[in-house]
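Asker: Combine both chains into one complex, guided by the hints.
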Amino acid sequence: MNTRPDPTFYPSAKLAMEGPTETLAFTLMLSPDFSQPDGLAVVNVDPTSDDFGKIVHQVIMPEKGDEFHHFGWNACSSALSPLTGHAFLERRYLIIPGIRSSRIYIIDVKNPLEAKIHKIIEPEEVFAKTGYSRPHTIHCGPEGIYVSTLGGGGPDGTDGPPGIFIMDCESFEIIGRYEIERGVQDKHYDFWWNLPRDYMVSSEWGLPPQFENGIVAEDLLSNKYGHRIHFWNLRNRTNIQTIDLGENHQMALEIRPAHDPVKQYGFCGVVVDTTNLQGAIFTWWRNDDGTFEAKKTITIDPQPADPNDLPDLLKGFSAVPPLVTDIDLSLDDKYLYVSCWGTGEMHQYDVSDPMNPKLAGMVEIGGIVKKTKHPNGQNFGYGPQMVEISRDGKRVYWTNSLYSTWDDQFYPGEGGAAMVKADVGENGGLTLDPKFWVAFPDGYRSHQIRLEGGDCSTDSFCYPSV
Amino acid sequence: MTSTAGLWLAVVLSGAYHGLNPGMGWPLAVSSALMEQRQSALWQALAALAGGHFVAMLGVLLPFALMTVLVDYQKEIRIGAALIVIGMGLFIAITRRHPRFLSRIPPSKLALWSFLVALAHGAALMLVPIYLGLCAVDELDAGHQAISRIMTTNTLLVLGVAALHTAAMVLGGGLLAFAVYRWLGLQVLTRSWFNLELIWALSLILVGGLGLWSALG
Chain A
34 MNTRPDPTFY PSAKLAMEGP TETLAFTLML SPDFSQPDGL AVVNVDPTSD DFGKIVHQVI
94 MPEKGDEFHH FGWNACSSAL SPLTGHAFLE RRYLIIPGIR SSRIYIIDVK NPLEAKIHKI
154 IEPEEVFAKT GYSRPHTIHC GPEGIYVSTL GGGGPDGTDG PPGIFIMDCE SFEIIGRYEI
214 ERGVQDKHYD FWWNLPRDYM VSSEWGLPPQ FENGIVAEDL LSNKYGHRIH FWNLRNRTNI
274 QTIDLGENHQ MALEIRPAHD PVKQYGFCGV VVDTTNLQGA IFTWWRNDDG TFEAKKTITI
334 DPQPADPNDL PDLLKGFSAV PPLVTDIDLS LDDKYLYVSC WGTGEMHQYD VSDPMNPKLA
394 GMVEIGGIVK KTKHPNGQNF GYGPQMVEIS RDGKRVYWTN SLYSTWDDQF YPGEGGAAMV
454 KADVGENGGL TLDPKFWVAF PDGYRSHQIR LEGGDCSTDS FCYPSV
Chain B
63 MTSTAGLWLA VVLSGAYHGL NPGMGWPLAV SSALMEQRQS ALWQALAALA GGHFVAMLGV
123 LLPFALMTVL VDYQKEIRIG AALIVIGMGL FIAITRRHPR FLSRIPPSKL ALWSFLVALA
183 HGAALMLVPI YLGLCAVDEL DAGHQAISRI MTTNTLLVLG VAALHTAAMV LGGGLLAFAV
243 YRWLGLQVLT RSWFNLELIW ALSLILVGGL GLWSALG
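Just so you know, the protein sequences line up as chains A and B, in that order. FYI, the numbering for the first sequence is 34 to 499, going by my numbering. FYI, the numbering for the second sequence is 63 to 279, going by my numbering.
Hints were generated in silico from the structure; no laboratory data involved. Since this is a predicted model, take the numbers as computed values, not measurements. Worth double-checking, as some hints may not be accurate.
[Stated by the list, open to error] Example chain B residues on the side facing chain A (calculated, C-beta under 10 angstroms, incomplete):
no.: 1; residue: G85
no.: 2; residue: L90
no.: 3; residue: V92
no.: 4; residue: S94
no.: 5; residue: G113
no.: 6; residue: K137
no.: 7; residue: I156
no.: 8; residue: R159
no.: 9; residue: H160
no.: 10; residue: S165
no.: 11; residue: S170
no.: 12; residue: R211
no.: 13; residue: I212
no.: 14; residue: M213
no.: 15; residue: T214
no.: 16; residue: G247
Idealized CB from N, CA, C, for every residue including glycine.
Next up, chain B with everything else stripped away, as it sits in the complex (with noise of 0.2 angstroms):
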């Protein structure tokens, strides 16, 4: 149980970590709510940044979802998720480049940018690891069951986790955006906005090599 309380909190940790990362849109919902003079825009932003990486999240997870029905390659599919995402941080730590295709998205489709942005920058690919952690604890528990009822409880675990996530990550953006856009006042987008992109990088890593610990042991 103990694992499985880590996992579902590492869930929700990722989620305020991407949340409170400028990268991932809270600047947007604060811009919103400036340019149209009401709060209220702010909410909606929020609203459409949540979407895009809720659907993003599932995007990712759900085809690892339907791989776990293939039991017998458990440890194969846990080492090939936790490589690619070492693989993406070591990318992301090298090349230090923007996707140019994002910047031609305009600023009407926050929802899209969300979906893009998280897929790009392996926000969703963080999850998957964790995922696939928590798909092995539940296998433990339940022992044997029908291979329908796997992919069930599996799809029912992505769902769980993505709308967790996001929840998590709207929660972390909405409540600084709300207080920049509310008590602290555009100053502080520039004071603390720190370059986190090694730092999400390094993220990326380590997420994928606890799964590959783990994979392994």
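Chain A with its partners taken away, still in its complex shape (with noise of 0.2 angstroms):
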């Protein structure tokens, strides 16, 4: 506990922006045949270091076949409510869970050069007070820090459906269950909120069985895979309004509210339209009267290849689709990015009229046909993925795996990790570093990235940017 709040909690989003510019970002290790265990990099992205681009420090974990996926922090800026109090928190540890094996470690990164494990919560703890399995998304709320899973019980996840579970801020202890009512909802995958406004959104991907050993692809094409959004009420833990975006939107994943709590609206990236293989972005809102409303207002194009080109699973299509996999809003909600990891771009979007997204920059790395290479000539296996944005807007980062057992589908052959950096110019547009590359350690793909001090994907700011 500090006497002060924690320097890098801000008020609102605009404050954040102007906060320092990070030095070190945290990237997840995964070791995708489980041979090794997972691991957190530190990776210094300060330009005027001598290790710019460099992996400072590793933790590597004590167990195997963990599977990192996501991750988040002990407190953000959301300790800041003015009605919950929790101000004195420090941003200290990150929470990571292990979608695969549902064990969660607790990281103490206060000195991030010698960062190292401070707790271990046991799967056996998880399905013991929760129910659930498959540990995903992190956020520290009002009522401590909520974890999202993909799993219900059983061994296979599919012993009731899966939700969110609420541990505590300080001692990490797993308190219980989120939901009071949860409605149709029976799957899970992502959720975020607006905390003045007091609602929560969430999102679906599939259940265990649809994803642990690869995807399923006649689920797919028969629209099994979740195509649906939830809206709760957050303080309640009931869910008011279920949106289904039509069953051939399938997998909507990530929830991106805007960052100004003023602001009623969010975005949710769709993997796949079944129909003609696009990706697309839905931009959902809130009426005055409460209820909520979704419109599809980005969809991506796939573009037509050579079976020869493609990978089993694709080559009956003779198209290569976007695969929007991860989506990421910018601090002052202008710029909304958009991984394609299939055909291998990452989008920026100008969303200022969030009803009317328009094409602002991209890039091309990686892809499943392209292939294309970073400017410094290096292969980038798989394509773009978690995207993470710098509070100021100005750099974006990103690795390249989506999920082991898909990566191999999509992308046959070992692809490595990798994690690259882009400059994002005065009027959009994006510009890969040419002199950030990062090497990784042999055998690991690269996941999620958390940015010191905070990023665009974690925190959550209670007052207007005014």
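Answerer: Listed below in structure tokens is the structure:
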């Protein structure tokens, strides 16, 4: 506990943009064949340092087979909430769940170059206290740390629906399930909220048998992956509305609300439309009467391809789908970054008018067919995937792995880990930094990135950007 | 008279102290005005916060007002009250935990939030020894009176104490909220927000201790 609020907590997104520039990034490393334990890499992102682009510290876990995916902080700017008064927490611990093992690691990064394991929550404790499995997205909110899960109980995670559970933000004890009334929600992926307006939005991927051993083509073609988004009364813990995006909109994944809580809209990325292989972004918004609506505002077309260049899964289509696997919104709510993991493109949309996004910039790198190299000549395996934006919106970082078994289906052969950086132009536009290329240890792939002091997908702000 | 003036001053100062403490809600008034993009929302939020605080004061002080009719047990009541306040201070100082149910209150229910926070953090309790001190002073002046008279006087005294305290609280918190909203900006929120938890606990122990000392003295 501090006597003053942590300097990395900001009342508004605008103040966060004015904060100091990040010098370190934290990147998850996973062992796709489970032969090594997963790890956390601390990457120097300070261009003035001799170690720029180098891994300067690693925390390697004691267990194997965790499969790291997403992670988050023990505390963020939401601690400045005038209602809940956790202002004196420290942003000090990274909460890293293994989505395959259901084990949760709490890593102390107070001294990032000496980051170490603080606590390990064993899978049995998660199962016993929540009835959920396969923990995924982390956000800090009014009642503590909220963790979304992808699986219910039982060995294959289909005994009951997945959901969200809450952890104590100081002791890291699991408190229990979040939901009081979940309505029709039976799958889970991401969630985020608007704290002063007291609502939450959650999304759906699929149940564990639909992803753990690879994508199930029959399920995808029969539209059995998630295609709905759910709206919740955050503090009542009840599902107040569910919007079906249409069953052809398979895998509604990342939820990105506007950071300024005055704005009552946000975005959701859809991996693939099974009628035409397009990727899509929906804009959702809240009406004055408290009801929600959603509308498709971005479509990204598949690109024709020679079946010989395609993996078995896609040969029959003679086209490569964009596969929108991650999206991220800059803190000024101006640019939405969209990873097209299949075609190997990172799109930048100007979403100043959220109902009329305009393509403002693009970088090509990797891709199933194009296999575009990095400007430094290195091969970039897979495609642009987990994307993170600096608080000031001037730098965008991304990695390349989607999920171990899915990587192998869409990109047969080992593609290795990568993490790159692109610079954002004054009036939009995106250019890869030829000098930034992270060399990861052999046998690892890279997943989500967190930036020192918070970034564009960790912090929830309680005050408007005025 | 000096001791009466001192006690009334304590009522005012504790009000200002509660008002300036961010934990009692002035940042919520700033947030309301910014979220609704109109200044009048700041006053509405302050009114809701004041209402909740005032009712919490009444809820805690009125039972003591009733007990003051037990003239023969004056000393015991004052000692008991002082010990409760000291106990609350020690509890906060040692556990340093926030009651979790407070985080379930929606932002739309500011008055309820203010009421429960004033109870949960012992803000209302802090007034008890001061109030009982005022009753005792009253007693000395008035000599022997009819029980109904004492009750009426002491109930009016509760209203007076709660009203004055809440007024001082709204003035302190309101001025700060308005200054942050109008001139200082949100940056001040993080720069000026100190962890008052231990000081708050010590304040309770101090007030309880003074109450105990005056009851025994």
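Asker: Hints first: check each against the structure and report whether it holds.
Answerer: To see whether the hints hold, each was checked on the structure:
1. Interface hint at G85 of chain B: satisfied, since its Cβ lies 5 angstroms from the closest Cβ of chain A, which is below the 10 angstroms cut-off.
2. Because the beta carbon of L90 of chain B sits about 4 angstroms from the nearest beta carbon in chain A, less than 10 angstroms, this interface hint is met.
3. Proximity of V92 of chain B to chain A holds as hinted, the smallest CB-CB distance being about 7 angstroms (cut-off 10 angstroms).
4. Checking S94 of chain B against chain A: minimum C-beta separation of about 9 angstroms stays under 10 angstroms; hint holds.
5. The interface hint given for G113 of chain B is violated, since its Cβ lies 17 angstroms from the closest Cβ of chain A, which is over the 10 angstroms cut-off.
6. Using the Cβ-Cβ criterion of 10 angstroms, the hint placing K137 of chain B at the interface with chain A is not satisfied: the shortest such distance is roughly 37 angstroms.
7. Because the closest C-beta pair between I156 of chain B and chain A is about 14 angstroms apart, greater than 10 angstroms, the hint is violated.
8. Annotation: interface hint on R159 of chain B holds; nearest CB of chain A at approximately 9 angstroms, less than 10 angstroms.
9. Annotation: interface hint on H160 of chain B holds; nearest CB of chain A at approximately 7 angstroms, less than 10 angstroms.
10. The restraint placing S165 of chain B at the interface with chain A holds, with a minimum CB-CB distance near 4 angstroms, inside the 10 angstroms limit.
11. Interface restraint check for S170 of chain B: the shortest CB-CB distance to chain A comes to about 7 angstroms, inside 10 angstroms, so the restraint holds.
12. Interface restraint check: R211 of chain B against chain A, minimum CB-CB distance 43 angstroms, threshold 10 angstroms, status violated.
13. The beta carbon of I212 of chain B comes no nearer than 40 angstroms to any beta carbon in chain A, farther than 10 angstroms, and the hint placing it at the interface is violated.
14. Given hint, M213 of chain B at the interface with chain A, is violated; its Cβ is 38 angstroms from that chain's nearest Cβ, farther than 10 angstroms.
15. Using the Cβ-Cβ criterion of 10 angstroms, the hint placing T214 of chain B at the interface with chain A is not satisfied: the shortest such distance is roughly 39 angstroms.
16. Given hint, G247 of chain B at the interface with chain A, holds; its Cβ is 8 angstroms from that chain's nearest Cβ, closer than 10 angstroms.
When each numbered hint is compared with the structure, violations occur for hints 5, 6, 7, 12, 13, 14 and 15.
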